[in-house]
Amino acid sequence: MKKSIVLMGNPNVGKSVVFSRLTGANVIASNYPGTTVDFSKGKMKLTNEYAELIDAPGTYSLEPSNKAEEVAKKMFNQADVIINVVNATNLERNLFLTLELLEQNKPVIIALNMWDETQHLGIHIDEKKLEQLLGVPVIPIVALTGEGINHLVDRLSDATINKKIQPTSEEGRWIEIGSIIKKVETVEHRHHTWRDRLSDLTIQPVTGFPLALGIIFSSFWLVLLIGENIKGYLLDPLFEVYYKPFILSIGEGIGPGFLYRFLISQTYGVVEFEEALGMLTTGLYVPLAMVLPFIIAFYFLLSILEDTGYLPRLATLMDNIFHKLGMHGHGIIPVFLGLGCNVPGMMATRALETRKQRFIAATLLSIAVPCLAQTSLLFAIFSEENLGEAAVYAPFVYLLLVFSTLIVLYFIAGYILNKTVKGESPEIFLEIPSYRMPHWKTTIKKTWMRIRWFLKDALPWMFFGVFLINVLYTIGFIEWIATALQPVFTALFGLPGETSVVLLSGFLRKDLAVGTLLSFPAGTFSAMQLVITATLLTIYFPCIATFVMLLKELGIKDMLKATVIMIIAATTVGVSLRLLLLGV
Amino acid sequence: MEKKSIPLSNLPVHTKAMIVDMHGGIHFQRKLHTLGIRKGQLITIVSKQPFHGPLTIKVCGCQMTLGRGMAHRILVEEQT
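So the sequence lines, in the order shown, correspond to chains A and B.
To convert, count from 1 in the first sequence and add 571; that's this note's numbering.
To convert, count from 1 in the second sequence and add 1; that's this note's numbering.
Hints were generated in silico from the structure; no laboratory data involved.
Mixed in with the good hints there might be a few duds.
Pulled a few chain A residues facing chain B out of the computed Cβ check, cut under 8 Å [what the hints assert, rightly or not]:
| hint | residue |
| --- | --- |
| 1 | N661 |
| 2 | Q737 |
| 3 | P738 |
| 4 | E747 |
| 5 | L772 |
| 6 | F788 |
| 7 | F791 |
| 8 | T887 |
| 9 | L888 |
| 10 | N891 |
| 11 | G900 |
These numbers were taken from a predicted model, which means no experiment stands behind them.
Note that beta-carbon positions come from the ideal geometry of N, C-alpha and C, so glycine has one too.
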């Protein structure tokens, strides 16, 4: 059997970066605790064989206190060799887990990461002495730049079961750590740096809140700006100038009829990419030209925010608000990730400690947090071109209506869930990492990894969605069900029967449903009806991929509960909006 | 003069103090311990969020945020 090597260490010490370095595989790493909530497996070449390398979630101790730490414990049990990644700038605290690991009769090697940072901070560590005291190899590394990684690999075979450290009580371990630190570490006094000052400004409430608002708004403004530019200057011209003539000439070859409608356009000889509904036109244009540019921009900015270490500070500022919703400040992380795509957002709920917190976070995420694909299509629906005659107010008024409804819903639903869901909501307990300058290579690589994930995982779904809708249209199923459901939608939400088409396709992929909305002839919906439909679409069900994730995270029983909540929320919001906006 | 111990939550921002005691269950104590919050350690408050929000503290060169309730159960002595 292959040898299994497991990376273990406190949260946010850079295990995932070490993992990428050792395996050449790409995993997401950030500057905040809890990025890795599941384990990643990879292959790593030793001198003459391959071993399996596992990146475990961070843990402070071998006695787990949340789900991610339980995963770490499990990984530990099946390991043949442990690479203990230690943050050299915070040796004292990291050594607790190290001692626990050393007591367990498994071969251990220690990677002393962030070695470069210790120099900036005026911390001197005698690594030779540390090696002597712990009885296992200690190798200083800088995972971000790759320094020392080769040395780590070379000495991997020296990993041994220590003979110096005896199992002891918790108190005993701390005494031991105290004496080790005294022997190996000296700290110089240093002056405050700009990073300390920035850290202070962003976490003091007086300056922190305005800065947080500024950072969030400018981030989203930048996403829109960058996205619009990629779309307008790169993808739109590509589609219009090069792709359109090509597709039209193919169309001529096919000739009018069923196949033409299916592949190219509902109207013979006319191709409007947003509305043609053909597999090769709208099916490609929606994901590639309308969604992808914003995905690129979003993940680029998210990577920067993550790598600087800002997010835990935001979590601190938001803690109070999220407490009212039964979570704590860390609940902002799933929301942030979910704004890109709900699937990684769902995974991030694992870093919350109790079932109640995870349930609330996951349910609210699927109800009220639109993913970027949806958001960019919302922008398309409420654009001047699409609204046309239907617009009574400026387009942004409608967008504002949709988003403020979602925000209000997030808070009201969270407040109610907090009061009704049984269980505990423990207080926040979160490490605040030092600010780090994002390493541009890492940032770009991470952005690229996420984009690739989107192309590989989300794009086929969108394409499949267009395909299915086209089939259902062609066989007349959509019209049939639209007629059948018409009375319900008209009675409850004051919407035309066509809405059922949209909501149906929305279950496959919401962004696509919004695309279907775009393809209806002008005048089918009034602007306010569009607001209601778009809001309902976001609320009623998450896309299939998110649903599967929800099932995985919550289990069947809680997933069903969450589903009932979604239906109730959608109905309540739909009816209220109808009363408020349509006045009937 | 004998020093008086106060809950960490009552310590003013940017004041240095020493941890003298912690109340709470074994689980709570353990969790704090693994993060380096122990008797005898020096601690400073970096920030306090309004309306009984969380505190950000600095202990052994590392910052962390913890809830007001937890901070209430950590007793400290102000250092002069």
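Hint check, failures only: Failing hints, ascending: 2, 3, 4, 5, 6, 7.
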